[in-house]
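So the protein sequences, as listed, match chains F and G. Take the first sequence: its letter number 173 is residue 178 in our numbering, and every next letter is one higher. Take the second sequence: its letter number 75 is residue 108 in our numbering, and every next letter is one higher.
None of these hints come from the bench; they were simulated from the model. Hints are supplied without guarantee of correctness; some may be wrong.
[Stated by the list, open to error] Every beta carbon over 12 Å from chain F, so not counted as near; a handful from chain G, in silico:
id, residue
1, Thr58
2, Ile62
3, Trp64
4, Ile66
5, Val204
6, Val238
7, Val257
8, Pro295
[Said to hold, decoys possible] Residues on chain F that point at chain G, a partial pick, calculated with CB under 7 Å:
id, residue
9, Val76
10, Pro78
11, Lys79
12, Met85
13, Phe87
14, Ala91
15, Tyr93
16, Arg109
Glycine is no exception: its CB is placed at the ideal position from the N, C-alpha and C atoms.
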Amino acid sequence: MARVKLEHVWKKYSGDVVAVRDFNLDIDDKEFVVFVGPSGCGKTTTLRMIAGLEDITSGDLYIGDRRVNDVAPKDRDIAMVFQNYALYPHMTVYENMAFGLKLRKVPKAEIDKRVKEAAKILGIDHLLDRKPKALSGGQRQRVALGRAIVREPQVFLMDEPLSNLDAKLRVQMRAEIRKLHQRIQTTTIYVTHDQTEAMTMGDRIVVMRDGVIQQVDTPQRIYSHPVNMFVAGFIGSPAMNFIRGELVEDGGQIYFRAPEWNIRLPEGRHQALRNAGVIGKSVVLGVRPEDIHDEEVFQSAYPEATVRARIEVVEHMGSELYLHLTKGGQTFVGRVASRFDFRPGQDTQLVLDLNKIHIFDAETEEAVQFS
Amino acid sequence: MNTRTLRAVRGGVLTAITWVIVVLTVFPILWMIFTSLHTNQEILEGINSLSLAHPQWQNYVQMWQTVNFFNYFKNSLIIDACTMVLACLFSMFAGYSLARYRFPGSGLFSIGVIATQMIPGIMFLIPVYMLFLQIHKWLGIPMVNTYWGMIIVYTAFYTPMSIWIMRSFFVAIPSELEEAAMVDGCNRWQAFWRVILPLAGPGIVATCVYVFLTAWDELMFAWVLTTTPDVQTIPVGIRLYVGQYQNRFDLLMCAATVVTLPVMITFFLFQRHFIRGMTAGAVKG
Numbered sequence: 006m007a008r009v010k011l012e013h014v015w016k017k018y019s020g021d022v023v024a025v026r027d028f029n030l031d032i033d034d035k036e037f038v039v040f041v042g043p044s045g046c047g048k049t050t051t052l053r054m055i056a057g058l059e060d061i062t063s064g065d066l067y068i069g070d071r072r073v074n075d076v077a078p079k080d081r082d083i084a085m086v087f088q089n090y091a092l093y094p095h096m097t098v099y100e101n102m103a104f105g106l107k108l109r110k111v112p113k114a115e116i117d118k119r120v121k122e123a124a125k126i127l128g129i130d131h132l133l134d135r136k137p138k139a140l141s142g143g144q145r146q147r148v149a150l151g152r153a154i155v156r157e158p159q160v161f162l163m164d165e166p167l168s169n170l171d172a173k174l175r176v177q178m179r180a181e182i183r184k185l186h187q188r189i190q191t192t193t194i195y196v197t198h199d200q201t202e203a204m205t206m207g208d209r210i211v212v213m214r215d216g217v218i219q220q221v222d223t224p225q226r227i228y229s230h231p232v233n234m235f236v237a238g239f240i241g242s243p244a245m246n247f248i249r250g251e252l253v254e255d256g257g258q259i260y261f262r263a264p265e266w267n268i269r270l271p272e273g274r275h276q277a278l279r280n281a282g283v284i285g286k287s288v289v290l291g292v293r294p295e296d297i298h299d300e301e302v303f304q305s306a307y308p309e310a311t312v313r314a315r316i317e318v319v320e321h322m323g324s325e326l327y328l329h330l331t332k333g334g335q336t337f338v339g340r341v342a343s344r345f346d347f348r349p350g351q352d353t354q355l356v357l358d359l360n361k362i363h364i365f366d367a368e369t370e371e372a373v374q375f376s
Numbered sequence: 034m035n036t037r038t039l040r041a042v043r044g045g046v047l048t049a050i051t052w053v054i055v056v057l058t059v060f061p062i063l064w065m066i067f068t069s070l071h072t073n074q075e076i077l078e079g080i081n082s083l084s085l086a087h088p089q090w091q092n093y094v095q096m097w098q099t100v101n102f103f104n105y106f107k108n109s110l111i112i113d114a115c116t117m118v119l120a121c122l123f124s125m126f127a128g129y130s131l132a133r134y135r136f137p138g139s140g141l142f143s144i145g146v147i148a149t150q151m152i153p154g155i156m157f158l159i160p161v162y163m164l165f166l167q168i169h170k171w172l173g174i175p176m177v178n179t180y181w182g183m184i185i186v187y188t189a190f191y192t193p194m195s196i197w198i199m200r201s202f203f204v205a206i207p208s209e210l211e212e213a214a215m216v217d218g219c220n221r222w223q224a225f226w227r228v229i230l231p232l233a234g235p236g237i238v239a240t241c242v243y244v245f246l247t248a249w250d251e252l253m254f255a256w257v258l259t260t261t262p263d264v265q266t267i268p269v270g271i272r273l274y275v276g277q278y279q280n281r282f283d284l285l286m287c288a289a290t291v292v293t294l295p296v297m298i299t300f301f302l303f304q305r306h307f308i309r310g311m312t313a314g315a316v317k318g
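Could you build the full structure based on these sequences and the hints that come with them?
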């Protein structure tokens with residue numbers, strides 16, 4: 006097992022297309038790191054550079070203590086799980102899993118032991134004689150994982166391994182991969198465009214956009230302290246609401262104002278806002294749908310944070326519902342406990358949890374950090 | 034007419050056209066087989082070949098005795114088999130490179146490969162003949178009327194099309210498979226040999242069948258570049274039934290039937306692969 010370190014890594018294609026820009030990351034031994042971002046953000050390219058399937062234009066890549074920029078994939082001691090599984094169609098499940106070990110001239114008895122062990126862990130021991138085409142998507146995914154774990158590599162690389170599975174199976178495999186990691190403790194780098202996967206699986210998440218790292222942190226920190234509007238909007242479902250307005254200081258208080266909006270911000274936030282120099286400037290107020298409450302107890306406790314908005318759409322999700330609201334020409338979503346008295350077209354009173362709001366500079370889109 | 038009727042009429046017309054093409058294609062073959070079972074006299078008298086009152090099976094025995102047909106058969110097998118192996122080998126590597134790599138001039142190379150197919154083969158006849166004479170003159174290597182001369186010419190002619198057949202097969206194999214192999218411990222050559230090649234099996238079969246069948250039928254170059262029976266191939270040999278000793282159309286048809294049979298058997302055995310090979314590019318790009 007090993008540490009993976011990327012120092013000032015760039016990937017440029019001909020025609021000066023930059024896929025990855027000055028990527029710096031230090032992944033600890035045994036850590037499970039998730040690269041997440043929209044398509045084209047450079048996450049897969051970075052993974053492929055770590056695998057050795059793409060050349061690194063500049064910068065250094067270390068696996069363990071070894072600089073591996075110029076080391077062939079086969080000599081990097083990594084295993085990779087591909088999006089489309091990439092199982093060898095002409096080989097049985099057993100042969101697929103044993104292939105890497107055979108190439109490394111591992112004794113037959115040892116291969117047999119390792120393949121059977123891995124197959125048992127993954128619950129595919131009854132499928133060893135089958136060819137990949139005779140397997141379901143979930144089974145193929147397990148074989149692909151099995152092929153990776155029998156090798157006992159220093160690092161696992163996973164490139165959107167669950168994106169070809171249906172929603173239910175994806176949730177199940179998500180947990181299984183996490184369990185597998187807890188069991189074998191191999192450093193893992195996992196690429197996904199699905200923020201839920203990132204949040205549920207990673208010890209740390211690397212959020213990327215246009216080839217640039219936006220933020221690297223634990224899922225909790227990324228969720229509660231996004232550094233900019235991109236991260237705030239990308240992580241979380243439904244996405245964070247953004248309300249455009251300005252900050253005004255009036256009589257020692259700071260207000261967020263926009264047409265029909267006038268919210269007095271808690272005093273505990275004042276200093277940070279002043280330090281950030283956003284008073285009197287255009288800002289974006291970010292509030293997550295679950296930080297919008299409809300209960301009367303909140304309304305009486307926080308009258309200054311209460312807003313009246315018009316319901317446009319009501320989405321029943323079972324235990325909760327999403328209210329699509331509009332106020333002063335700006336739309337936002339509230340996530341509240343399920344009730345049946347909300348009607349589209351109706352006005353309703355809601356309370357924003359001001360201790361959990363985010364303020365972003367409208368120009369730079371950077372967040373004001375409230376520690 | 035509503036859509037359903039229109040569709041039915043269109044289907045009917047297409048089926049009719051298909052049958053016309055089938056008849057047009059199969060008829061000469063049937064004509065050849067039936068004619069081979071008549072006497073030469075009957076054929077010369079213009080008897081309806083499809084009426085078969087007294088099939089002349091002994092024609093098939095006489096055919097082997099009149100001309101040393103086995104010799105031509107052997108020459109064809111040697112030349113065509115060697116051509117097949119060489120053309121497949123070259124096209125395998127070239128097709129793989131075109132499918133997987135962007136190298137300087139790869140676009141030009143692809144166009145060049147296709148462009149060779151635009152030029153009628155007969156245009157090369159005199160230049161190739163002259164070239165062979167020059168090679169003999171300057172390098173002392175005899176080329177005209179040799180196995181290797183024929184093998185080189187055929188390989189050169191059939192490789193371009195083979196490259197395209199192979200290329201379309203390699204394109205259809207996901208590159209992740211060889212990437213997986215390389216991460217698993219293969220170098221590029223091992224990944225090609227152990228993972229890609231077994232999957233390209235149908236493409237290789239299709240290419241082999243294409244090369245073998247085309248070479249088997251080739252007359253023009255064989256007629257000009259070979260001069261003695263120890264090198265001449267079947268298409269040249271068949272012509273000897275008419276004109277060398279006498280005009281034996283019956284034996285000519287026997288010989289034609291005999292040489293068509295291996296071709297047809299080969300084709301039917303591998304037709305699934307062959308059709309896939311010819312259409313892979315069209316469907317999978």
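* Against chain G, with CB atoms and a cut of 7 Å, does the hint on lysine 79 of chain F hold up? -> holds (5 Å)
* chain F versus valine 238 of chain G - minimum CB to CB distance exceeding 12 Å, so not interface -> holds (15 Å)
* **Hint check: 7 Å Cβ-Cβ cutoff, phenylalanine 87 of chain F to chain G** => holds (5 Å)
* Asked: For isoleucine 62 of chain G, is the shortest beta carbon distance to chain F beyond 12 Å?
  -> holds (37 Å)
* Asked: Taking the closest Cβ pair, is valine 76 of chain F under 7 Å from chain G?
  -> The hint is violated - valine 76 of chain F has no Cβ within 7 Å of chain G, the shortest such distance being about 12 Å.
* May I ask you to test the interface hint for methionine 85 of chain F with respect to chain G, counting a Cβ-Cβ separation under 7 Å as satisfied? => Methionine 85 of chain F check passes; min Cβ-Cβ to chain G is 5 Å, inside 7 Å.
* Separation of proline 295 of chain G from chain F, once the least beta-carbon distance is taken, above 12 Å -> Non-interface label on proline 295 of chain G holds, nearest chain F Cβ at 29 Å vs cutoff 12 Å.
* Is it correct that the beta-carbon of valine 204 of chain G has no partner in chain F closer than or equal to 12 Å? -> Answer for valine 204 of chain G: holds, closest chain F Cβ roughly 16 Å.
* **Restraint satisfaction for arginine 109 of chain F [CB to CB of chain G, less than 7 Å]** => The hint holds - arginine 109 of chain F has a Cβ within 7 Å of chain G, the shortest such distance being about 6 Å.
* **Interface restraint verdict for proline 78 of chain F against chain G (beta-carbon cut-off 7 Å)** => The hint holds - proline 78 of chain F has a Cβ within 7 Å of chain G, the shortest such distance being about 5 Å.
* Could you check that no beta carbon of chain F comes within 12 Å of the beta carbon of tryptophan 64 of chain G? => For tryptophan 64 of chain G, whose nearest Cβ neighbour in chain F is about 44 Å away, the distance exceeds 12 Å, so it holds.
* Asked: Taking the closest pair, is the beta carbon of threonine 58 of chain G still more than 12 Å from chain F?
  -> It holds; threonine 58 of chain G is separated from chain F by about 35 Å at its closest Cβ, greater than 12 Å.
The structure is inconsistent with hint 9 alone, although it conforms to all the rest.
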